[in-house]
Structure formats: C-alpha cells, structure tokens
Amino acid sequence: MDIAAYEASDGYQSLQAIAKGLSPDDVLQQVKDSGLKGRGGAGFPTGLKWSFVPRGGDAPKQKYLVVNADEMEPGTFKDRLLMEGDPHLLIEGMIIAAYTIQASKAYIFLRGEYIVSGQRLNRAISEAAARGYLGKNILGTGFDLDIVVHTSAGRYICGEETALLNALEGKRATPRAKPPFPQVSGLWGKPTIVNNVETICNLPGIITYGVDWYHGLTKGSDHGTKLFGVSGKVKTPGCWELPLGLPIRELFEGYAGGMQDGLELRGFLPGGGSTDFMLPEHLDVLLDYDAIAKVGSRLATGTMIILDNKTCPVGMVGNLMKFFAHESCGFCTPCRDGLPWVDEIFNEFESGRGSEKDLQILHDHVDYLGPGRTFCALAPGATAPLGSGLKHFKEDFDQHIKQKCCPYKH
Amino acid sequence: MAKVVIDGVTYEVNPDNNLLQECLSQGLDLPYFCWHPCMGSVGACRQCAIKQYRDADDKNGMLVMACMTPATDGAIISIDDEQAKSFRASVIESLMISHPHDCPVCEEGGECHLQDMTLMSGHNYRRYDKKKVTHRNQYLGPFLNHEMNRCITCYRCVRYYDDYAGGTDLSAQASHHHVYFGRHEEGVLESEFSGNLVEVCPTGVFTDKAFSQHYSRKWDLQTAPSVCVGCSVGCNTAPGERYGTLRRIVNRYNNEVNGYFLCDRGRFGFDFVNNEGRLRDAVKQQGDTSQALSGEQVQSVINEFKTGKTIGIGSPRASNESNFALRALVGEDNFYAGYSDTEHEATQLILQLAKDKAFHSPSIREIEQADAIVILGEDVTNVAPRIALALRQSVRNKALELASNSRIPQWQDAAVRELAQHDRSPLSILSTYVSRLDDVASDRVVDTLQNLAGIAYAVANTIASQSPSSSDVPTEHASVIEKIAAQLQAAKRPLLIAGSTSGNLELIKAAANIARALQQQKSTAVDLCLLVPEVNSLGMGMLTTAENKLGRALAKLQDGSATQAIVLENDLYRRAPQATVDAALEKADKLLVLDQLGTATTAKADYVLPTTAFSEHEASYINYEGRAQLSFQVHRCHSGAMPAWSWLGAEQVDEFDALVNRCASEAKGFSNLSKILPDPASFIAGMKVPRQSHRYSGRTAMKANINVHEPKQAEDPGSVMSFSMEGIPAQKDADVLASSWAPGWNSNQSISKFQDEVNGELKQGHPGTLLITRETAAAGYFDPADSSVSPSANELQVSLAYQIFGSDELSAKSNSVQQRMTDAFIGLSPEDAQARELSQGDTVKLGTTESNAVVCIRTGIKSGSAVIYCGDGQVNPTELPQCIEITKSGEQNLLRGIEGLIVSDLLEEDY
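If you're matching them up, the sequences are chains A and B in order. When we follow the working numbering, the leftmost residue of the first sequence carries the number 1, and every step to the right adds one. When we follow the working numbering, the leftmost residue of the second sequence carries the number 1, and every step to the right adds one.
By construction, these hints were calculated from the structure, which means they are not laboratory data. Just so it is clear, the structure is predicted and the values come from calculations on it, not from any experiment. Hints may contain errors.
What the hints assert, rightly or not - Computed, partial: chain A to chain B, Cβ under 8 Å:
1) LYS20
2) SER23
3) ALA42
4) PRO45
5) GLN183
6) LYS322
7) GLY330
8) LEU359
9) ILE361
10) GLY372
11) ARG373
12) PHE375
13) ALA377
Beta carbons: idealized from backbone N, C-alpha and C, even for Gly.
In isolation and in its complexed conformation, chain A is listed as follows (with noise of 0.2 Å):
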C-alpha cells in the first residue's frame, strides 16, 4: 500500500490528534487504558513497558524507539506481511511510540532475509519524509524522528530485545542482565523502547478510533485483534488478522481449514517454536494470552505449528533443538553446552541408537535449561517444545528406542 492508498484509508490521522495537541501522557495514557499487550511473545503490556522510560527534566535528552523486526521463530511469518503489505501502518506507529517516549532516532530491526520488507520500508519512509511525517518539527508539533532500517546479519538471539541492541550496537548479539531494563539504559545506554512490529501497528489504531472501539474489536478477555498464523499439514496454511478469544477450533478449521486428507491432527505448538505442545483435546481453548497459559502452553506470537500422525514427533522436536542448538549465543552455559547435547541425542534417536540413558539425559535438561536457570529465555523456550514432546510423545521415543530406528520412516 502506497502513502496515498494509505492515507485515503485514514492513514497517519493519528498525526492530525497529536498536531492538535495530545501530549505524550496523554497518549500513553490511551495505550495503557487499550490494554495493548506486546505481540513479539511475551504478552506484557505496551503502555507498562512505555512507563519505564524516564521522563521530564532529568530524564535523557536522547532516547530511541527500537522496532523488532527479526522475525526469527520458527513458524512466524506474521510481521513479514505487515511490513510488505502495509509499511506505512508500521511507520505511522511508530511515530506515536517515539512521540510517547519523545524518541527522535527511531530503528526497524529487520531480518536480513527480509528483502521486500525493507525495499518496502525504505521506500514508505522517504514517502512519510516527504509530507513532514518524519524529519524535523514533524507537523509543527517541534517533535523530531528519523527512522533508520537496519538489516541483521541473522541470528535468532537477535529476537531477544537486549541482544538485539548489542547487534545494533555493533557488539556481539549476547543478552544484557537484566535490570537494567532498555527503557533505562538501553542502546548506547540511553533509553529505548524495543516493540515487536506488531505491536507498533496496533498504535495507529487506537489512537485514531479510540480506545472503545480497541477494545470492542475483542471477543476475549485480551483486547483488539491478533495476527494468526497455521503451516503444517492443514488445507490451507496462511495467515489472518482475527479478534482475540476467538476457539482455536475457528483458526483451525474455519481458516486453515483443517488437516489435509488422510491426516489427523497429533499436537499443535500455538505460538512458534518456543511454545509447549497443545493436543486435539485442546481445540475448543481461546485464542487469548491466559486462557491458552492455562492449559500450560503460551499464545507467543500466535502462529500455530501443526503436527499430523504421519510426522515423526520425536523427528519435529529434534528439528526444534538443532535449530536453537545452533542460535545459542554462547554466552551462558547451560544454553550453550546443553542444547548441543540435546541436539546430539535426538541424532542418535534418528538414526535409532537413542537409548534409555539418553532419554534421562533429555529429561535431565529440560529442568536444567528451565525459565531462571539460563541468561535469557532461548533455552526455556527450547525446552518447551522438549518438556512437552517428551510427556506427550513418550511412545514415540520409546518406539525408537525399542525398534532401533525411527517407526515413521521404515
């Protein structure tokens, strides 16, 4: 969508609002009131997070506003299309964000494979440039933002908002400790807000319509509306925006359109790679940040991965660990030397040299690669799909314990 395409279907009227005088606190106000919750994975809310920075006469004089878009979970593609079908939604979020913390150096954190996204990106801000959106005194509001693209190099940690900033730093891509949290002492050590881009693209929205009509868009207990991904094999795999608290039956059946013929559904990861496995049981569960925690799984980034009775579990899930064996940082140990074994282990289960010990081993770090024991949230995430694999799918490891191969493929 071109700037003006865009601004004929209301585009950049959240502008309008600030140029006629909404301050920041107010905005910040509507974000928190909207109930906006971050859409990278972790869920926590926007207008909380916004909070933090410092703020007033003592405060920084530099802040930065910081956009993640290294969309690197396994089985997300959400922000893609946000970015290549509607950049200037991106962009125009992103000014309310900076203007909210009174940002003026604004970067996209894009995935390096993401070529058309940034083409698009950069070609929508000299667009918003050109009419005064970006730049100086942007609308006479005496607010100033540049928006920088910055490609990654690729590396999964990069997700991690810390490690993200040492990337953009030019620094090894390693987590900080945390606290200190970005929004004081982020990158270069000033403050900085890191929101997912889907997030951001919420902004426009409530800002311009309000925070009724946000909150009227839901049909859960979580407010507005969420990006929705299915791949596996289902009929039709894709990508929709739908209300939250919607069952994941609707996802699943109304949109992807249920397993392909002669499948059955086996087990799902709701939210990408780092979620625990939900099984067919678990269909008529909202599609909402609780409710799905309930059942012991996390919503994440709210795209479903599918496996079907024909798929090896034991072969998904070691897929799983090799990826996050090979996007460790390497900076703490657990992550770093732990995933690796794992990663070896399910080799040995593929070629059916898996044994009993090493199913212990497998058990073993599931607790030790837990949520606190690592630096940062890799290895819990990996453990997810591990911890919940290995209680679901027991038979299955036992099978190829037992047959000295993998059952699936001979």
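Position chain B against the provided structure of chain A, taking the given hints into account.
Same frame as chain A, now just chain B:
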C-alpha cells in the same frame, strides 16, 4: 551493613555487593568462574547458583545466580539446597563436556580453578559420550601458550584483556558451542598486560610459555614472597624455583600495590637470573686474564679499599642494604649516586616533595580512585606499567558515578560499561609523543618538554593566581589549560603524575605547583605521583646527599682526589658519557665492581665480585611512593655469588635483619625500615615458614643422580623462612605469604581465603611500610626556570622515549622479553623526515655521538622534535644534547628494526 541468612546462619554483609562476593568474604565455599574480584559479575557461567527464599515462610524458593543478586538486607539464601547443588553439578557437567582429559599433562594442573570447582561441585563421572568440540590453537607471541580445547567459555579473558586492560586484539569469536577466544589471526598479543591471562583464565587455555619451557608443578616450586625489580612500582610477586633455576613469576596479592595483576615486564623479565653469563666467581682482572680469588683474598682486597681515597658509587637497581653497606664502607661523604646527574637532581627534588604535607603519594589502589588526572611528560605505560593499568580503572570512576545515579550496582560490570559508553573521568596527557593511554585520554597535548612545562605552570596559575606563570605558553593551548584547570578543581580526588624519566625538572615543579594550588583550595593533601625509573631509585636517592652526583665522583677520580672506586651493581656507561667514564676509570688505581652480569664497567674492573640476583637474597626496596617492601630469598645461589652487602663485609650472610636494623638507625629517613621485618611473635615456637609446599615432591630423590645419599636440607639461620617443607605456613604475618593455598582451593583464587573480605587487606596484615613521613609545612610555589631551548636551523629538540621491553637493563636480558624488543629508534614527524629525505626504517647517526638509530615516522610527533629510544644500552642518553642534528648513516639497518615495534606508543598511528 545488611543482614543475610545463609543456610540458617545470619551474616553481616555489605549491601552494595552481590551475594557471591559476600559468601566468599564470609569464607563460604561457592563455586564460580566468570566472576572475578576485580571485574565484577556478568552472569555467564551460571556456576554460582543458590536458592533464594522470598521470606521465612517460603519453602520452595527459587534458583538465582549469587553473582547477579544483590546482598539486600533480609535476604534468605541457601548454598546447600539440594536443587541448587544439583543445578551446579549440571553446570559443571556441561562445562566439562568437551574439556580434554589432559590434566596430567596440562600445565594448569594442580593450580587449576576448574579442577577445584569441578571437585567442589561434585562432578566426577562424564555421561557425555558424543563427539567433543575441538579448536585450532594460535601462536600468540613469546609469552603465552594457547590451548583453546581446554576453554570453558567463561569470557574472563576478553573481559580482562579488552574491558579491563584496554587491549584490542583478543576477542570472542563465533557463537553457540563453537565460541573461540583468540586473535583475528595468529600473532603476538599486543597488550603489555597479556601475561595476566595466565592467572585470569580459570583453566589452561592461556599458560606461561617461558614456564612451559622448563615446567614444574606449582607444588614443586620453591616459593617466597618477592618484589618485582622491573620498575619503581614494586609489585609483589611470587617467583618459583626448581632445581636451582628460576622458573616463573606469578602475582602476589597486595591490595595497596598491584592487587591481582602484573605487567609483562615483571612477569616475564626474570630470566636474567638463569642467564649463562651470570658472574660466578670473585676474580682479579689484569688485561685479558682473570684470576679467581679466595675468600681471604677478597677480604684483603676489601680491606685495601677501606683505606685510602676510596669512593663508592651506589645503584638504583640494588637494595637498600647493599647501598647502605657500601655507604658504610666508604663513608657517607664518599658515597655517590649511581645514576645520571639530571636524574639525581630530579630524584632529590622528588624526595624533597615527598616530605611536603601538601601532597600525598598515592598507592595504586588510591590512583584507581582518582577522578581527574593529568600526566606531565611521563610515558607511564613504558616507565611504570602497572600504574597505566590502574589509570585505565581511574577513568572509569565517571562510569561508576553514572551507574550509582541510575541505581545500577557497581558489580554489574556489563551494565555499567553499557550505560557509560565512552563517558570517562578526565585524563589529560601532556607528552612529547603519542602514548598507549591516548585511547582513554580526554585531552592530549603533544609538544616540546619546555612548552609542556609552560602549559603546566599556566594550569597552576589558572587555579591559583599566586602560582607563577611561565613565559613558555604557546597561545594555541589556552583553551586546554582552562579545561584542565576546571576539571582538576571539579574533581573529588585529582591526581598529578610527573617524574624523573622525562628528564625535565620543570615538569616536576609545575606538577607540584598545580597540586599545591589544588591543595590550598581543597585543604586536603593532593595526590602527586612522582615516578622514578628503577626499583630502588628512591632508596639510593635517600642514601645520597644532594651534592654527591655521579659527575662529581667521576671528576674526583679524574683529578686524583679519589684513587679507588667501588661500583655497586651498576654499568656506569649507561649513566654518564662514555668519554667521561673512560677518563675517570683510566685514572683510578683500583676499581672494584660488584654485579650479577658482566657489563662494560665490569670489563674495566680490577676486581669483580659476583652478586646474587633478586630471587637469591633477601632485600628491601623503596618504591615510587616511598613504600619500603621486603623481598625474601626464594632459592639459593649455587655459584660463588653473594649479596653485595655481604661481600662488602657489612654483616654475615645470615644477619640480614641486623643490617636492616643498622640501616634504620644510622641512615637518615630510614628509621621505619625495621617495621618491614616479619614480627618474630608471629612464628609459633620458633617454627619457620617453609618455602616448599606440603606437597613438594622428590625432596629425598631429586639429587639422587648425583649422589644417592640424601643431602641435608639447606639451613637459613638468618631468615624466618626455611628451605624445607616443614614448619608452619604463613598464618599471622602477610609478609611471608608467598602463594596462597586453602583446602579445596589450589589455584590463585584461594586468595579470598586470606583476605579480610574480597578485595580487602590480607588477614595477616599488610606488607610494606611507608618510609617517608611528611612533616614540612607547605613551602611556596616554584618559580619557572628560564629554560628556553633554541635549536638551530637543522636541529631537532630531543626527548627520550622508553619501552617496557628494553628500557630496563636486567629484564632486557630475558629470553622472552628480548623477542619483544626493538633496537634504538628516533621518532620524527613526517615534515622533518621529508625535509631530511629520510624514510621509515632508514638508519641515522645521532649528532656527534657514535650512535645510530632507526627512523620511525609518526604524525603524533611535533615537527621540530625528535623522540629517541635508546635501546638496551645502544645509545647513551647522557650523551644526547638537548638539540641534535641527524644525518643519514651509511650503516645497514639495525638488527631489530621498528617493524618489531608492537608495544610502542609510536605505532598507534599508521603513517
């Protein structure tokens, strides 16, 4: 103070620290790797996991990393918790996955923190049966071995080398379990503090290359507390000996002086002790022949020198005791300084300032507290290297202040560095050439020495108008003068550094004026750090009168008013012009020279007496701050060498303490010297402190190849230490604590068991005594001398450069240090080089001297000036005039040209 409950016991802790540090301070055992007492926490290794409970009712608790958790009041934690223990066992299990099974052949074995922590964490069986990760190792230069397969990826090396020491050529590379620590390509590690990697690395990735060439286990090394003789800082060291050769040097903790770190000159420059050319026998020399002297013959020679017109020339590299013994033999009036006349004047001025109450001479720990620093003319990195490392920490005080404003704990190392970025406390360097500290300097002024002095006088004048200004102030420096003055005035603890190696007294005086001006404003003594070049420059200076310059001694020999001379451990050809020394020595009837290695001076001697090296005798030295420190004998010397004081008949070999006491009572300014002697009350029932560890092996067998009868252990009646395994380890007196060991802690990390608290004083007291008491009331400001130098058209103004590897006479004889040395060079600006049609690497003749130097062209040198590095005795600095004309020499390039200049300040800029 805060109260923390650890496994049911309440401890008083410092809430500004993290729980790991506080657990260690309380003497508790908690394994760790990535945390380092000097470098804070990053939370990488996860080895120090403990259980923390919300409150007394919380029975589950949660695992936290002790190093990343503040010791807040009321915290309830458990080290012994089963879940915490099992997690720690899992961590060590993963760390050991790819670690080779090479402990028996690994040089770290026996002093390996990884071994200790593996045992402590309870890992004893490897479940991992897959393929190990292996790495290729790199050549890292003459000092360090690299064995990456042993790496456990704790990130300490890069945090030390890059973040702490300011290095740029060691980095963490690759990711996941392939992380690699090395250089971008093979080559010499450039930092002059690289050797500390040996001790920073918790296992055997970086090991001491010189040591590995004649390796011995830590427990087989005979060790005693020693003091480095490489420069005037006086870092505390623990040299180790086996089979009569000195094998290595490691750091010995002293919280006031070197803390945990040494420089590479200190660590690798000891090898001269083992030099084949060491003098072994007392000889009489006549022409080309030499004849060995018996004990009685030596005695009669000494007696001859006791009568007649004898003068003694002391040495800044010899101990207080040897200098004192010579002075006692020839009489105070006949005892002369053993360094150049300029240096003598500078040292006397420094000693005069050392008595002034307006100033304080800061220890390294105090230097690290400075928050605004000005360096006047000294190349700290090459003259007093350990201080340069301290200055890199001083400039971080700004970062610590910012962190405290943002409520980030100081031990959160990565977070503090991230917050501050390049925001540093001001460090202004006034120098004649670019320096290795420039990367952390706020301001850098490169100019001639007298212009620098003019700037310094102007700074003092800006702070206090009573302080006189000089006429030598180039107007282009007006703004920097204002800036430096303002920074010093705004600082809580300003620091001024000057010294004698610049060869310019005006800089010392101007530094004193600045300090005095600040002192009058702040009403507290101001830190004035005055550097001298050699281990005992100050001690010898204190024993010498202001009039007794070397030049005067040589003149006396030449005019016949003195006919006999004793030269103590000194090569006069480095201290005075060759012609002057030649003329004086020719005239002398008898010349007695005592030294460790042969020199141009011993070659001229009638009698040569071999002396013991620093590790072969007990001695005291006085460092740049006036701190007297005791250095024990580590091992016996098996040749005919003896301590100089013993040759000179001051005392018997075993009566060192008596000599110290005599020096304390007879020599002015030395009255506190006796305090450095170990307290006899510390030694239970007359038991001595063993120099050999309780695990020392082969004592009864190590000489069996010579004689199967076990020899009697050597006795050491004069010392509180014994050449034996028996006795009691250093329990009560820090002076005798050579290498720390505690059950379960075999590595240098065991030092925490001996500290009051982590980074605190040693429990057994504090080694070293400040000798000089400040008593004089504030004298006035110095008036600038008229020192204008006017070079003629073709002349360049000379200033001297120093090199950490090469400028010190003895360490320059060490094998590994020699591989890092370069020959004499002359630094020129591009304009001056072009005007003379000289290019990089050409050889030039220096003025009217016979010496040559290699041309080194750098933009960081002011045109009109020449920066001359004299090499290891290749150019005699005392022969260089203030202004010099250079001519291209027909000679071939010198052996080791400037391409070998790695640790040069001059290399920083590419020309």
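Here is how each hint holds up against the structure:
{"no.": "1", "hint": "LYS20", "verdict": "violated, 36 Å"}
{"no.": "2", "hint": "SER23", "verdict": "violated, 26 Å"}
{"no.": "3", "hint": "ALA42", "verdict": "violated, 19 Å"}
{"no.": "4", "hint": "PRO45", "verdict": "violated, 23 Å"}
{"no.": "5", "hint": "GLN183", "verdict": "violated, 11 Å"}
{"no.": "6", "hint": "LYS322", "verdict": "violated, 11 Å"}
{"no.": "7", "hint": "GLY330", "verdict": "holds, 4 Å"}
{"no.": "8", "hint": "LEU359", "verdict": "violated, 13 Å"}
{"no.": "9", "hint": "ILE361", "verdict": "holds, 6 Å"}
{"no.": "10", "hint": "GLY372", "verdict": "holds, 6 Å"}
{"no.": "11", "hint": "ARG373", "verdict": "holds, 6 Å"}
{"no.": "12", "hint": "PHE375", "verdict": "holds, 6 Å"}
{"no.": "13", "hint": "ALA377", "verdict": "violated, 14 Å"}
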